[in-house]
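Residue numbers (full-length UniProt numbering), protein chains in the order written: chain A, 1 to 470; chain B, 1 to 470; chain C, 1 to 470; chain D, 1 to 470.
Honestly, the hints are just simulated from the structure, not real lab data. It is possible that part of the hints are untrue.
Because identical chains share one entry, a pair is satisfied inside a single copy or across any pair of copies.
Straight-line distance between alpha carbons at most 25 Å, and here's what the computed BS3-like set of lysine-lysine pairs gives [stated by the list, open to error]:
| no. | residue 1 | residue 2 |
| --- | --- | --- |
| 1 | K397 | K159 |
| 2 | K96 | K34 |
| 3 | K263 | K96 |
| 4 | K107 | K96 |
| 5 | K263 | K13 |
| 6 | K329 | K159 |
| 7 | K96 | K339 |
| 8 | K72 | K339 |
| 9 | K263 | K131 |
| 10 | K263 | K397 |
| 11 | K13 | K255 |
| 12 | K96 | K131 |
| 13 | K255 | K339 |
| 14 | K125 | K34 |
| 15 | K45 | K125 |
Protein chains: 4
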Amino acid sequence: MSNWSLSQVAQHKSTDSCWVIIHNHVYDVTDFLKEHPGGPEIILKYAGQDATGVYDPIHPPDALQKNLPQSKHLGPIANDAAAQIEEANQNIRQTKDELRVVQARQKMPPLSRILSLADMQNVAKQVLSHKAFAYYSSASDDEITNQENARAFTRFFFKARVMRPVSQCDPSTTILGSFSSIPVFVSGAALAKLGHPDGEVNITRGCAQERIIQMVSSNASLSPNAIMEAADQSQTLFFQLYKHRNDEIAEKRVKEVEKLGYKAIFLTVDAIVAGNRERDIRSPWVLDEQEYGPVYHQPDEPKTPADANIFGTAGALIANDDRDMTWEKTIPWLRSVSKLPIVIKGIQCVEDAVLAAQAGVDGILLSNHGGRQLEYSLPPLEVLYAIRAEAPDVFNKLEVYIDGGIQRGTDVVKAVCLGARAVGLGRPFLYAQSAYGVEGVVKIIEILRREIITAMRLMGAASVHDLSPN
Amino acid sequence: MSNWSLSQVAQHKSTDSCWVIIHNHVYDVTDFLKEHPGGPEIILKYAGQDATGVYDPIHPPDALQKNLPQSKHLGPIANDAAAQIEEANQNIRQTKDELRVVQARQKMPPLSRILSLADMQNVAKQVLSHKAFAYYSSASDDEITNQENARAFTRFFFKARVMRPVSQCDPSTTILGSFSSIPVFVSGAALAKLGHPDGEVNITRGCAQERIIQMVSSNASLSPNAIMEAADQSQTLFFQLYKHRNDEIAEKRVKEVEKLGYKAIFLTVDAIVAGNRERDIRSPWVLDEQEYGPVYHQPDEPKTPADANIFGTAGALIANDDRDMTWEKTIPWLRSVSKLPIVIKGIQCVEDAVLAAQAGVDGILLSNHGGRQLEYSLPPLEVLYAIRAEAPDVFNKLEVYIDGGIQRGTDVVKAVCLGARAVGLGRPFLYAQSAYGVEGVVKIIEILRREIITAMRLMGAASVHDLSPN
Amino acid sequence: MSNWSLSQVAQHKSTDSCWVIIHNHVYDVTDFLKEHPGGPEIILKYAGQDATGVYDPIHPPDALQKNLPQSKHLGPIANDAAAQIEEANQNIRQTKDELRVVQARQKMPPLSRILSLADMQNVAKQVLSHKAFAYYSSASDDEITNQENARAFTRFFFKARVMRPVSQCDPSTTILGSFSSIPVFVSGAALAKLGHPDGEVNITRGCAQERIIQMVSSNASLSPNAIMEAADQSQTLFFQLYKHRNDEIAEKRVKEVEKLGYKAIFLTVDAIVAGNRERDIRSPWVLDEQEYGPVYHQPDEPKTPADANIFGTAGALIANDDRDMTWEKTIPWLRSVSKLPIVIKGIQCVEDAVLAAQAGVDGILLSNHGGRQLEYSLPPLEVLYAIRAEAPDVFNKLEVYIDGGIQRGTDVVKAVCLGARAVGLGRPFLYAQSAYGVEGVVKIIEILRREIITAMRLMGAASVHDLSPN
Amino acid sequence: MSNWSLSQVAQHKSTDSCWVIIHNHVYDVTDFLKEHPGGPEIILKYAGQDATGVYDPIHPPDALQKNLPQSKHLGPIANDAAAQIEEANQNIRQTKDELRVVQARQKMPPLSRILSLADMQNVAKQVLSHKAFAYYSSASDDEITNQENARAFTRFFFKARVMRPVSQCDPSTTILGSFSSIPVFVSGAALAKLGHPDGEVNITRGCAQERIIQMVSSNASLSPNAIMEAADQSQTLFFQLYKHRNDEIAEKRVKEVEKLGYKAIFLTVDAIVAGNRERDIRSPWVLDEQEYGPVYHQPDEPKTPADANIFGTAGALIANDDRDMTWEKTIPWLRSVSKLPIVIKGIQCVEDAVLAAQAGVDGILLSNHGGRQLEYSLPPLEVLYAIRAEAPDVFNKLEVYIDGGIQRGTDVVKAVCLGARAVGLGRPFLYAQSAYGVEGVVKIIEILRREIITAMRLMGAASVHDLSPN
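So here's chain A without its partners, still in its complex pose (with noise of 0.2 Å):
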């Protein structure tokens, strides 16, 4: 078989044959437009061509190999072909927002001047991609749930006790029976490589530095064997799971994860469909504008093709999701795939967290997936205290952990004081790889670190045993 030419590929460039270069091999993806959790759209747009510019930030590096028959790869192209495909990517003009990026990465503040998760995600404010901002940092709707599970913190004060020796002070915890040297974890978060071109493996690296726990996501833009290949012996991993709506497909995920060695599986429940992530979908439009000037409306232009891409980033990621699970048969079934603790994410009341400890499930993650989801949802933190006050039990069948607006050491101490094993994290994580890789992520955990001891040595408390509602 000979290696393809340009022309060659360039034929086929529409719903009838559809060809792709990615990695200057070439694949006939026709009979897999209509199944691409993205839509059909964005990959004619790049139909007959290189698409590897597009591909690379969002799939994982085998997505190829596992959703596309072998009889689809069409083989290399000729060495030629890649020498101009490379020349042509060498001489694309940079857009605005990457002659942006490009400049602000050379102006980044020194590591050691980072002393708050606040001050990390300025900066990576500046060295992000408008796009990989707004997808990372975007809410539903107007946002607002995005901003109460913060404010809720705000709410809480210290009953701080003096006169107590503190000059030993631990704050070691374990989750799930794993040791983790601070009650925080890595709560999952997609797409890492939008920010860095390490990905996920800059978390997985600093996690393990620093003794904490990564909980990974089924979309990360690594495989989870690529993840766990990065980590280290002895270290500790969870998956988060987005069941497929397809029970084999699912099922076959979760003996992978489970046979790579990974010790949990966090069932994603918060996330069926897409939240209404309005920055995230004006993400290209903003960007258009910037390089193109604005758009205006023409009376007669056809009706936009029944709202494709409505649901912006998230929405392509979740398309084949499970969006009819429930207590009497999801938890069984996976209980009957595998044999890791399984911890419900994205509890969202009382009554659902006394359902899970009815289940028998081994831990719960309050959750309203970082406001990104159903607006007016309630915070985490109000849902923990209500669980304290109304279904105190539920703290001694399983473990409750929390995610959602948290910033500071003190809310991770005020997580803990009202029943929380520990907490999750996850844009200063994403925020912290993009702008400095590993040690960024090490920079997050140390801050939060120190933070914690300072405010538990200062509330009177020498471990996290002594945290408790006051």
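Position chains B, C and D against the provided structure of chain A, taking the given hints into account.
Positioned in the frame of chain A, the structure of chains B, C and D alone reads:
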């Protein structure tokens, strides 16, 4: 009868003899001056001249037919007179505000980029004349109630339920027995022609496409007949009655709309006198200043003539409405003249909700007229909440609707959770039809449907029956 | 006796012999220096010179008559001296602030465009001198209480009732038996001449036209006599007494106003020492800086002389007031010297309202002096609400009024609903007379009447008797 | 022994041999490097050189005497060396911040125009170096607690009483038996020399004049001895003890201050580790950037050495403090080494107030260290209010003081009404002495006295005994 010349008409420009030209016909309005709901001053300003430009956007086309005896229809003007008027109109310098609107219309974003009701309002603010936007958006006094209507929704959070089957999700309902594809209807909103030459029928046609119900105001800029004619065969329309103080005139109006096929009477009781809408009252002054600069106080200027015009557009519209309606008298009267279901629009406290149920009406619309009437009236959502707490039996006796302050699908879902059968929106539809005509109206409904379904799914609700006070 | 030359007068410019010229007459004020309520410093600044310009706006014309024995009236100055003074006055360069005021006066909007009390205040802010606006508008410390007075009204919402006959709506009431066309009176406000040369009689004449009652302050810039002379035959005036520490002087004052025809005594108990009105104190410095630039600290400058002037305008006015009034002593004394009804102005808590009822006075005015005295005193509306809750019997024993923070007709209606017989307004009338004289005062009352009637009708109330705590 | 030349000293600039010049004397600090509370790095930066400029403002003059054995005092430098140092100092280019301060000092307003504590802070902000203002004003994390301390006062309103004799009004009280002209004392505040060369004695002298009590910090920039020497014969001083972890060193310090005549020990328990004062930590970076522009991240830069300096100025000051104090151990120890009254500074909840009463101490100072330590610690005024509600007996067993957030005389009066014997202020005195020296301190007390008396009179209180929880 010869046709009139401009100089002939021009001689009749006083209270003794006052003629005006409308669409090239001459009318003698001398006797009508005193009866004009908007006061005689505004007519006298155009006495002896062509008044078509100011007449058209705020009167139904058949208004003269109905209000002026045939004997006062003096017949058409001469052809050369008509030509003179047309030429004069062409030579009129556009005002600064008109020029601004023309430019803004050319720069409207494509409809596909309108993601939310707020986006739509922002466009409307650009493309509406100052006067129209002031009339549509203004509210009474310091517009506190208008803001509180919306803020009330921010005080209610959801208890989202997970692990429930929601791949099938149906947001449809019925209102007084009529089908509605989402629990939303168009609340009566007057003077749509201020924003678009087609006026209220833009809304009618949009509702037909999307299968929701329109409530048509007595003060629409088109007649009930004209609107019904634009409607679909199977489409449901309700009529918002501003009852005339003269029972016979009111009866004639009711019987007319019943015959035309309107399916319910919404009796308006929250606007018996006009609210104090300062932005609306000020709008002609703002335009004057823009054009000619500020006007200064002259110590010896004549006193202002008896608060003329002090109630703005709204004052003119309702000058003849009945201010002495009572439960004992008005409901039986209305029952006696019509078989249509009766809904009281403008209930503002629990006590009156109970009285309405006792009076046996078919529904109540909790409303403070969009904050345009009594400043510091309770927000309708708070009243809804109070009825549930203090007089839940009301919900069994009649259907309860609310309007005021709704901006998002989550707002609709909150109201339905608290017991509302459906919610009304007014301003968003006026903004949408002003900017994009029928397509804008369709867009608003599509946005609301998408937001409602997303919220329902993320709450674990597959139909409106699953929406309860949590 | 020959007439005085300027050089003769100029020799008397020390504490040993201190003469001043007022309206071309010479007065020996040497002995009076120590008694001057505003302190001797301000007089000595003008010793040996013409002081008419500073004397006029803050003293009743007969103040010298009353306070200075006839023997100290040294007679007129010579004609050429008078001419010299006049010429000097004409040559005085206007200050920047005076120029600003002259220009602003030429640009006042026509009175017909004043829609609200806020509009009136905005105009007054433009056309008043910096000093006058600072005196009128300032409040104590950080002006929190002043703001809270108004904010208290925003916490009360109406339960509007519908379906009630309100075409006839009468807002009139009586206060201590006297008719008032709306439940509003003018609360004592001093130094009206700072804003308008006619001073308090502007208010008197406006009240006459609109049939509401004026309460005249002891500190008015016109004498009680002059104001009564400007009044209508049938017009009711009340007198706001700042009791002199010397009972005999106080008695003389009370008997004088009773004889003049004032119909009640409002005994002021909330201003026994001056509040800390920093904007008022700072106003001369601001003007100095405007004219001559900032003053810098000299390390060796003499210490400031014993907090001179530190209490601003208000401190000067009340320096001789009685700081030791008690229920046991002062009320019986006042009853013994006058048959007029007694109202205590300045009740700030329920306990004192009860004591007032026990002391048998005829009314109480809940007031914290417009936030000009004790910072963090409770807002009067909150006190009114607390009396209703904790000591409702008070309302049966005397009439209750409130002032402070009222800006809208809805505010008036709220106070009446909560049990107030009437509400007092001060600053709005000062602003109105400053800008537009009598016509401005009339306008304020017309605005309030219109807003009160609109609110009453929209609430379903046909008279003040229908206004209850809902 | 000959005197040292600069070149001789310059050879000792490493950890092996480290000499510094202070006030023209040479000291061998090689062995001391490890013990230096601020860490060895800062000393090594000046090793072999003159370090007087950085040493002076943050060390008491006798610090070297006490901390360095006599054998390490190497004697004076040669005369020409001293001259060289002086010349070099003169040639040092002033930094931009130093130039700014010089100019601002020339433009300070006259002291007579300072009306409030806020005015004083505004001046101080202008005339203090960036570093000093950052140290004085900074608080922990996001400075929420610092703001909440002040906001707590805005939630309490007065019930003012009228008709009470208040012409005589006496705000004096006693604190631990010592007279105080107002219920206010100076709460320990360190490093006054950062703002003024005379340092804490400015405060001592101002307190003497105005007869209030100063609490002197262990971390003052002058020795307890130097401050006592500046005091008046009859003046009362208290001592704020930061207990050294070594009991013997601590005992020596306590006995020293008792012997010097200090009248009470305020044992500091709210600052056993340093709070996270980001503005303080950042201040050297801000100054660097101002002078030399921003520093950028180098991907291969060495890691920062173990969080050096991460606790800022405060961290250095308290590095050797006792972190293991307990009620059982520390109070008896303190009683055993001193007969002075003991006050616990830093109580932050009711429970610890009760424990303090049980431990038999003489007083407690409710304090969260001005919001500089544990972020989200309860505001002291709220703790005071809670003690009154939950454990009122505490007030009978010991004296209760509060500090934090006080800006006005009304704040002082509120605290006294709620049961505080007196209130402490820290920052306002630092600001005042920085800007105006002794006179500034006097001014602060005069302002507070005037505001306190005005508030008491307007509340109907003639002495502090009349101030109750209303």
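- What label fits K72 with K339 when the C-alpha limit is 25 Å: within, between, both, or neither? Neither, since 36 Å and 69 Å both go past 25 Å.
- Message: At most 25 Å between CA atoms: does that hold for K263 and K96 within a copy, between copies, both, or neither?
- Response: neither (44 Å within a copy, 57 Å between copies)
- Task: First find the shortest C-alpha distance between K96 and K339 inside one copy, then the shortest across copies, and answer within, between, both or neither for a cut-off of 25 Å.
- Result: Neither, since 51 Å and 66 Å both go past 25 Å.
- Query: From the Cα coordinates, with 25 Å as the cut-off, is the pair K263 and K131 best called within, between, both, or neither?
  - Reply: For K263 and K131, the Cα distance exceeds 25 Å both inside one copy (33 Å) and across copies (50 Å).
- Query: At most 25 Å between C-alpha atoms: does K107 with K96 qualify within a copy, between copies, both, or neither?
  - Reply: This pair counts as both: shortest intra-copy Cα distance 17 Å, inter-copy 23 Å.
- Give the relationship of K263 and K13 under a CA distance limit of 25 Å: within one copy only, between copies only, both, or neither. neither (44 Å within a copy, 54 Å between copies)
- Copy assignment of K263 with K397, given that the CA separation must stay at most 25 Å: Only inside one copy: K263 and K397 sit 19 Å apart there, 56 Å across copies, limit 25 Å.
- Message: Within a copy, between copies, both or neither: which one fits K13 and K255 at a CA-CA cutoff of 25 Å?
- Response: neither (37 Å within a copy, 63 Å between copies)
- Query: From the Cα coordinates, with 25 Å as the cut-off, is the pair K45 and K125 best called within, between, both, or neither?
  - Reply: neither (29 Å within a copy, 35 Å between copies)
- Message: At most 25 Å between CA atoms: does that hold for K125 and K34 within a copy, between copies, both, or neither?
- Response: Result: close neither inside a copy nor across copies, 35 Å intra and 40 Å inter.
- Query: Checking K255 and K339: alpha-carbon separation at most 25 Å within a copy, between copies, both or neither?
  - Reply: within (10 Å within a copy, 67 Å between copies)
- Item | Status of K159 relative to K397 across identical chains (alpha carbons, at most 25 Å) | between (28 Å within a copy, 22 Å between copies)
Of the numbered hints given earlier, the model fails hints 2, 3, 5, 7, 8, 9, 11, 14, 15; all others are met.
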